[in-house]
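Going by my numbering, the first residue of the sequence shown is number 1, and it counts up by one from there.
No lab work stands behind these hints: they were computed from the structure.
From the three backbone atoms N, C-alpha and C, an ideal C-beta is built for every residue, glycine too.
Careful, some of the hints might be misleading.
As the list claims (entries may be wrong) - DSBU-like cross-link-like pairs, simulated, lysine-lysine; straight-line CA separation at most 35 angstroms:
(1) 508 to 284
(2) 269 to 295
(3) 449 to 152
(4) 80 to 152
(5) 343 to 132
(6) 152 to 295
(7) 132 to 181
(8) 449 to 343
(9) 80 to 508
(10) 551 to 459
Unchecked claim - So the derived label-pair ranges between C-beta atoms look like this:
(11) 46 to 161: 24 to 30 angstroms
(12) 420 to 515: 36 to 42 angstroms
(13) 148 to 21: 32 to 38 angstroms
(14) 360 to 49: 50 to 56 angstroms
(15) 354 to 104: 54 to 60 angstroms
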Amino acid sequence: MLSWGFGVGWCLLWGQPEARLAWFQEAKFGMFIHWGVYLVLGRWEWVMHNERVPIPTYEQLVPQFNPKEYRPKEWAQLAKEAGMRYIAVTTKHHDGFCMFDSALTDYDCMSTPARRDFIGELVEACRAEGLKVMFYYSLLDWHHPHYVPRPKWVEDPPGHQRDFSRYLDYMFGQIRELCTKYRPDGIWFDGGWEHPAAEWRAEELIRMIRELLPNAIVNNRAGLPGDFDTPEQHIPAAPMGRRAPRRLWETCMTINNHWGYHATDHNHKSVRQLVHNLVDIVSKGGNDLLNVGPKPDGTIQEEHGVRLRQMGAWLRVHGEAIYGAEPNPFLRLPPPLGGCTVKGNRLFLHFFDWPTEPVRLDGLQNRVRAAYLLRDGTPVEVRQEEDHLLLLPTPLLPDPYDTVVVLEVEGTPQVETFLRPRPDGSLDLHARFAEVHGETARYESGGGKDNIGFWTNEKDWVSWDFALEKGGTYEVLLTYACEPGSEGSEFEVVVGQQRLTGTIEATKSWTDFRSISLGRLSLEPGRYTLSVRPLRKPRLAVMNLQRILLKPAP
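Construct the entire structure; sequences and hints are all you get.
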């Protein structure tokens, strides 16, 4: 649960996003780079916080940070060889050290033995390789003497009074520096959780970026929605918005378990897992921002480089199914399908394992003109029935990561998206299949969440389309969570002319889900839309809604 707390004029900051977001929607795959003086310790980027390192002690890392093997051209070439289309790099992490040449502080790269503008050199290398560049910038700062709140382990000099406005002036000045000196394609904020948007002066900050870089994109971590969402270390269980205009998003994820270099972390994801993650993300309408943590000498870990090059080899054959692709139009995909992407009149079916039995695909309304492997054009046999498609696999040597079958259809792919009952006759209207209508409510997953959340606007509502071949009477069960203090919302469930109502009671937390019975509905065979609409929201939010279950009544 989260409330944005933005002003009524915030939407004016975003203007017409289509043009500036076009490259981002096309790119699909980017490299995240976390590096800074914390590399010297080899214990990831939060070491200052986790080990409560005093500022004077932490500052001693600066003269030790001398990445003599830093060759930004090689970094950019690796990203390109991996099939990545952009790089996002840390310019300042939470420790406050600046990896760019800043006129506003000496706590920057020019104070290291290298005396190199690490960011400036990387931007130049990226431009030479045709890569877009985004700048990660931490809003919070454990080092700055006027950042508020003061980190608990930091001791100020006697009589020192922190003035947050002075820190904000510094922060604004640095963002202005980054925009004017390097002209990035996007700003990737982080660390905004310690203050609401108003205290960050977020609207003013975004307005400044818009004035300096009209085409730059901005993420959602400064307290405002931004141009795109940023789920971290997980892939949403369902597309984040099914109908246009869809909300853009980007999953950021590590190759091992840490963002910054960690000398003892050898838990690297396999190439197969990394390819599957990329396909899963793109199939759900997102971008994959995959992180590398360079070593203290400035080189990329060999284990990461090998994996990225193998991903690039797969993309050189199968990139047509990734770059610029639209998300999966099917509500459900049968195993062993791991994803589906769309481009024009072609559907790309991603088989994570090659089937040994026919695979049934329900819902496709178009006639299939051709079916073949993307890698070499080998025909694949299909049999099209009235309401489904059967793919009849033939023996072949599958791709070790993802075998892609192309379906060419007549016209733009049309897929029926009506949910249908399970074999036991019950109908599970889960949050991941819901259409969300409104400004703030959205599907969220991870951290115990698998529900419609952010439901802070009582004008927002959700709906499901479903079809029944047999009529009957159904008990309606609603599964929800509501933190104490937010209870009391009243809502209605509507199907055609039938209406049920309920009132939300508190559960233990936003992730403590409870099921309640709302009553019964009598439905004839046919197609329906079920909607859940708030009637009254007296407190923070309506609820976290996980599912509506229609259970055949005895």
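Give me the numbers of the hints this structure contradicts, sorted from smallest to largest.
4, 9, 12
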